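> This is what each chain is made of:
4 protein chains.
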Amino acid sequence: MTRIRLGMVGGGNDAFIGGVHRIASRIDGHFDLVAGALSSTPEKARASAETLGLDPSRSYGSFEEMAEAEAAREDGIEAVSIVTPNHVHFPAAQAFLSRGIHVICDKPLTATFEDAEAMEKAVAESQALFILTHNYTGYPMIRQARQMVAEGALGKIRLVQAEYPQDWLTDAVETEGVKQAEWRTDPERSGAGGSIGDIGTHAYNLACFVSGLTGEELAADLQSFGAGRKLDDNAHILLRYEGGARGMLWCSQVAPGNENGLRLRIYGEKGGLEWAQEDPNYLWFTPHGEPTRRLTRNGPGAIEASTSVSRIPAGHPEGYLEGFATIYTEAAEAIRAVQGGQSREAVMGVLPGIGAGLDGMAFIRACVASAGDNAAWTKL
Amino acid sequence: MTRIRLGMVGGGNDAFIGGVHRIASRIDGHFDLVAGALSSTPEKARASAETLGLDPSRSYGSFEEMAEAEAAREDGIEAVSIVTPNHVHFPAAQAFLSRGIHVICDKPLTATFEDAEAMEKAVAESQALFILTHNYTGYPMIRQARQMVAEGALGKIRLVQAEYPQDWLTDAVETEGVKQAEWRTDPERSGAGGSIGDIGTHAYNLACFVSGLTGEELAADLQSFGAGRKLDDNAHILLRYEGGARGMLWCSQVAPGNENGLRLRIYGEKGGLEWAQEDPNYLWFTPHGEPTRRLTRNGPGAIEASTSVSRIPAGHPEGYLEGFATIYTEAAEAIRAVQGGQSREAVMGVLPGIGAGLDGMAFIRACVASAGDNAAWTKL
Amino acid sequence: MTRIRLGMVGGGNDAFIGGVHRIASRIDGHFDLVAGALSSTPEKARASAETLGLDPSRSYGSFEEMAEAEAAREDGIEAVSIVTPNHVHFPAAQAFLSRGIHVICDKPLTATFEDAEAMEKAVAESQALFILTHNYTGYPMIRQARQMVAEGALGKIRLVQAEYPQDWLTDAVETEGVKQAEWRTDPERSGAGGSIGDIGTHAYNLACFVSGLTGEELAADLQSFGAGRKLDDNAHILLRYEGGARGMLWCSQVAPGNENGLRLRIYGEKGGLEWAQEDPNYLWFTPHGEPTRRLTRNGPGAIEASTSVSRIPAGHPEGYLEGFATIYTEAAEAIRAVQGGQSREAVMGVLPGIGAGLDGMAFIRACVASAGDNAAWTKL
Amino acid sequence: MTRIRLGMVGGGNDAFIGGVHRIASRIDGHFDLVAGALSSTPEKARASAETLGLDPSRSYGSFEEMAEAEAAREDGIEAVSIVTPNHVHFPAAQAFLSRGIHVICDKPLTATFEDAEAMEKAVAESQALFILTHNYTGYPMIRQARQMVAEGALGKIRLVQAEYPQDWLTDAVETEGVKQAEWRTDPERSGAGGSIGDIGTHAYNLACFVSGLTGEELAADLQSFGAGRKLDDNAHILLRYEGGARGMLWCSQVAPGNENGLRLRIYGEKGGLEWAQEDPNYLWFTPHGEPTRRLTRNGPGAIEASTSVSRIPAGHPEGYLEGFATIYTEAAEAIRAVQGGQSREAVMGVLPGIGAGLDGMAFIRACVASAGDNAAWTKL
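So the sequences go chain by chain: S, P, X and E. For what it's worth, my numbering labels the leading residue of the first sequence as 1, then goes sequentially. For what it's worth, my numbering labels the leading residue of the second sequence as 1, then goes sequentially. For what it's worth, my numbering labels the leading residue of the third sequence as 1, then goes sequentially. For what it's worth, my numbering labels the leading residue of the fourth sequence as 1, then goes sequentially.
FYI, nobody ran anything at the bench for these hints, they're computed from the structure. Don't take each hint at face value.
Treat identical chains as interchangeable: a pair holds within one or across any two.
Said to hold, decoys possible - Here are the simulated EDC-like pairs of lysine to aspartate or glutamate, each with C-alpha atoms no more than 20 Å apart in a straight line:
1. 270 with 171
2. 156 with 171
3. 230 with 32
A quick note: this is a predicted structure, and the numbers were derived from the prediction, not measured.
Throw the hints in and build the complete structure from the sequences for me.
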């Protein structure tokens with residue numbers, strides 16, 4: 001099985017998420033990183049490429065240059081990971097999609113809704129795959145939860161309680177030289193959403209992914225507690241889903257003691273499910289009127305939906321990187337399938353793509369609009 | 001130390017909360033139950049009195065009869081516990097307050113807002129104490145949390161996340177002969193609030209008690225999932241507190257796997273606190289930027305606010321009944337202080353009284369009004 | 001139902017366990033404390049009696065005086081609680097047993113094995129009941145565990161892992177005026193066992209109570225880590241039970257971070273059970289090959305063995321005092337049954353009595369003997 | 001940075017641990033797997049090599065063949081992973097060590113003590129590195145614990161409580177075609193230790209690694225509960241460490257509900273530490289007399305010892321594979337350092353090597369000897 005040749009846009013030495021993508025691409029051995037435009041600063045790009053052992057001739061100063069050069073090579077990249085701040089997602093993706101190079105792109109889809117619509121068009125006009133790394137959908141117990149809901153283990157869904165608290169923006173660290181905080185609190189680079197874009201979209205995506213429901217409307221109260229902060233760092237949201245289910249979504253970057261507290265609880269007429277990202281190998285399942293069961297990854301009660309994306313036995317914890325790697329592995333399988341002649345539509349499976357990206361952008365837009373109208377109900 | 005002579009209205013053999021009040025009144029040995037109007041059915045009242053070993057001559061057929069007779073006795077009751085469905089709270093309390101007998105009353109204050117205002121008047125016109133059993137305020141670690149917030153351990157409060165999920169009304173058990181469910185889902189006996197009255201008021205009371213904040217306005221989305229159910233069994237609420245803090249409150253009786261999941265999380269500029277009723281001997285405290293500490297009842301880090309209402313050493317769990325007993329014990333101390341000549345205002349300490357009761361009724365009223373206006377913001 | 005008249009030996013104002021017994025005796029309302037020899041110091045005895053509201057004429061200077069006087073009264077005590085240091089258990093119990101007064105006695109049974117044998121004789125020669133407060137057997141989920149094991153839910157038992165770590169003797173606090181530490185580390189008052197007597201007997205009792213097994217032999221490595229400490233403060237013990245089951249028992253008073261960490265895990269051919277005293281409302285049950293279930297007190301899956309000793313609904317935590325109260329309540333029922341003419345043997349049910357006490361003394365003796373012989377196997 | 005050329009012995013398609021080693025070798029990108037003798041069955045070896053995308057010419061039928069051929073190639077492997085059943089460890093390692101090829105070998109060191117001594121000699125006579133994958137030492141919070149103990153955070157160590165329960169051999173699955181069970185319960189392939197070799201060595205290694213202590217003697221009670229099982233499947237062990245610390249070690253493969261329950265608790269004069277493999281991102285630290293702290297990987301309180309082997313931020317769980325990968329990454333760094341001219345002794349850092357392997361074998365030997373002498377104390 002030969003590896004897929006991968007390029008990367010962004011992800012220089014001081015970026016967090018670039019390293020995550022690289023590890024994720026390596027875990028199951030389906031990709032070789034062979035090219036990069038790793039930084040908007042040429043020097044940094046060079047240094048990063050060297051650290052990574054890239055052939056210097058394939059370390060590019062810009063994504064445009066890289067797209068053009070790699071498309072021209074016989075052994076050019078087959079896929080590219082885009083791990084830049086949000087405002088670069090669209091132009092970078094377009095450069096590769098238009099040349100038939102598959103795109104694996106970080107979330108949220110884009111910084112603006114206009115870019116999102118342009119992205120949709122670019123995807124439509126390309127034959128290449130577009131995969132959005134809503135990585136939390138790759139956790140085995142999330143796959144199991146989704147399948148259990150789909151099979152009716154909870155009955156008709158009534159409630160979807162999602163939350164995603166963090167604490168890293170409790171102080172105004174964006175004014176103290178923390179790079180991750182700088183661009184994430186800057187509307188120019190992040191877009192209209194602060195916490196709602198960075199983590200709220202993950203929570204909303206996961207709520208829909210597991211419940212199988214579509215959001216209908218929401219009422220959002222957004223706050224910016226950090227001194228001088230331009231974007232929201234906390235959001236309290238009421239949600240109404242199609243079919244009558246109701247939900248709440250809380251995301252925060254100012255809740256001390258919460259590191260990465262993504263948590264999902266879903267309740268239906270017949271049972272409930274609870275899952276927490278920080279302890280991802282457990283899924284708590286209560287058939288109504290019976291004792292709660294602790295389902296474990298690859299343990300008793302695990303079903304194919306989870307065991308098929310699990311690498312090691314129960315009790316040997318898999319984590320964030322493995323869930324992320326599953327997205328890469330399924331991307332590799334989809335890319336090979338398309339290369340083997342299958343239609344793009346047939347190969348995506350549960351992989352998040354342009355649709356999930358647009359849903360996320362609609363979520364951000366609705367939150368901002370609702371908050372601007374005193375938390376009035378706003379259609380998604 | 002002689003015991004305070006106590007009567008009880010409601011709390012017959014098949015009532016849950018009556019037994020709780022009786023145990024709570026006994027734990028610290030400050031009360032003797034000597035009289036009762038234990039049921040609206042005379043036969044049941046007699047049977048219950050017999051089980052409890054009451055003097056048959058002090059088992060009454062109605063609270064009016066009891067109030068009159070006991071007030072006339074030299075050794076009549078000094079205080080009465082009212083543990084009936086909500087719609088009886090006001091008439092019963094009035095009968096005793098008007099005769100100078102101290103009242104310990106279950107929550108919510110009354111079934112209707114009109115009754116609540118009448119109750120306020122009855123309390124004002126009496127010399128007797130009125131204590132509302134918002135029992136969760138009696139938990140030692142809740143006392144500690146309140147004190148820590150008051151002393152600034154969290155800095156200025158930003159977020160108050162309260163939730164209270166249960167699952168016992170997942171099915172429409174009120175149609176299957178479950179007495180507790182029957183009156184709690186009946187507007188005639190419960191009032192305008194279902195879950196918001198029964199448990200939402202507890203969560204809101206606790207949020208205010210610990211945070212020291214006053215709610216300003218709320219937006220509430222109420223649902224009745226149970227088939228044919230007339231009152232809400234789930235509520236999703238956004239809250240705005242005075243001073244700029246924001247919060248959410250979720251209460252539910254239809255969330256399978258949740259038995260009595262009252263939980264409070266408070267975050268400020270300098271730290272966070274988390275507490276869960278089902279594991280009440282722990283308080284999780286995070287000074288921002290430091291590791292989270294597990295504070296335990298009577299353990300290292302416990303302060304006088306909690307140790308003074310704690311009976312046994314750390315590691316020996318106290319529970320729901322002990323927290324409830326603390327309300328009774330503080331009621332006894334207040335009663336003795338008033339009997340000793342102190343003013344009613346001087347003796348209440350942190351005991352919940354008519355004010356907390358009115359706050360709860362305002363909460364219910366605002367929830368219902370907001371929900372009737374599509375979750376519009378409504379003043380508290 | 002009239003209350004049983006109770007006396008108390010020991011349990012003055014500064015004693016921990018006396019207060020626990022008093023609360024336990026009150027919770028379910030079966031006893032009235034009417035007499036006491038609360039301290040070996042007459043002044044303290046008087047002061048304590050006053051605090052408790054005892055009739056001064058029934059506050060005695062010694063247990064002998066109390067036994068004689070109360071036995072002579074028509075309204076004399078029917079039962080007595082003995083809550084002194086261990087070396088007083090036997091003489092005090094004998095004084096009451098010989099007069100037909102029922103005895104509720106703290107554990108371990110006595111300070112010496114000679115006293116234990118004398119106690120056995122005293123019990124045999126009396127008509128009165130003798131109840132030993134191995135209070136942890138009163139926890140509802142312990143009762144449920146015992147019943148599940150008895151009914152074969154685990155199959156044949158293979159392993160019994162018991163542990164009871166604490167940390168309060170990490171430093172040599174007995175030299176710093178901590179009264180609880182003084183007598184517990186003094187061979188004259190405690191007997192030959194330090195941690196093994198104070199808490200090891202609890203763990204061993206619980207292991208046998210739940211598993212239904214009898215210990216056959218043990219190998220014990222005892223340590224005294226505290227500077228100058230005469231008795232063990234840590235014990236590592238291997239156990240062999242009749243029928244081939246094996247176990248370990250660890251008790252410690254020098255394990256920082258452990259408050260009262262009694263924990264029991266039992267494994268058989270068909271399943272496993274886990275329970276921890278600090279979170280006593282949960283019982284974790286794994287039928288082999290199936291997901292682990294979280295059984296809760298009074299929740300789904302609760303059986304009569306636990307619900308019958310449970311006071312309030314699931315999710316409303318009961319704790320240490322309630323478990324202790326169950327011993328008192330069952331003692332009251334046994335006393336009334338004997339008073340009603342039933343035979344002493346017929347009324348004890350699962351209540352720990354002289355047999356459990358002797359088992360505990362045999363455990364201490366075997367531990368000390370084994371440790372003295374370099375942890376050689378020693379018959380129980 | 002070019003990758004190190006790696007070969008593998010064992011680890012064919014149906015082996016669990018081979019896949020783990022491969023993922024671990026890829027995560028940080030330091031190795032390329034280029035050759036293999038993946039199975040003792042040539043057909044399986046070929047099929048496995050094909051699945052892995054190995055050049056067919058470098059898929060060998062035996063480790064001898066591979067060692068000879070690869071040593072002869074200019075681009076031959078620089079290191080080899082040995083992931084066979086235990087009895088093959090020595091002959092395979094010798095074949096590579098004698099040719100100067102670095103060896104990364106699974107534990108326990110060998111099947112017999114004779115082989116272990118031969119292995120020691122082979123390592124001594126080679127210039128190549130020998131690394132034993134005691135992978136649990138690679139967990140960040142284990143590194144932090146070790147460093148904290150070394151710096152005196154606990155004071156002088158008194159107690160080391162280690163346990164490692166599993167449940168997968170509860171039934172005699174080795175008779176039902178479960179390959180992992182077959183060789184692990186076969187003395188020919190596993191050696192004299194069953195559970196003590198497979199998992200007990202891990203627990204003992206971790207206890208010593210974190211505490212910094214050396215075991216002096218032990219008393220072991222071994223059992224074989226599985227029907228017809230020849231090796232121990234449960235072990236209860238008392239331990240005495242140099243300097244006066246005492247400990248217990250329990251390992252089991254027959255404890256239903258335990259998946260991979262490796263857990264370590266260490267207590268000293270000044271504090272305690274607790275860690276559990278199934279929730280590896282947390283370390284619970286109690287300075288005596290202060291509240292327990294929950295230290296998290298890369299969170300507040302994390303020190304260089306843990307952050308340096310951590311890949312992603314706090315709250316994003318790393319797991320078993322990442323800990324394993326750290327061993328591989330440090331092996332890569334050691335290999336490069338040796339290739340760069342440093343002495344073998346200078347580059348091992350905390351990596352487990354032949355010494356740790358011999359300690360493990362001594363542990364197995366002492367356990368078996370002690371158990372054969374009715375759990376008599378036996379020198380390590």
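> For every hint, state whether the structure bears it out.
Right, here's what the structure says about each hint:
no. : hint         : result
1   : 270 with 171 : between (43 Å within a copy, 9 Å between copies)
2   : 156 with 171 : between (42 Å within a copy, 13 Å between copies)
3   : 230 with 32  : neither (39 Å within a copy, 47 Å between copies)
In this structure, the one hint that does not hold is number 3.
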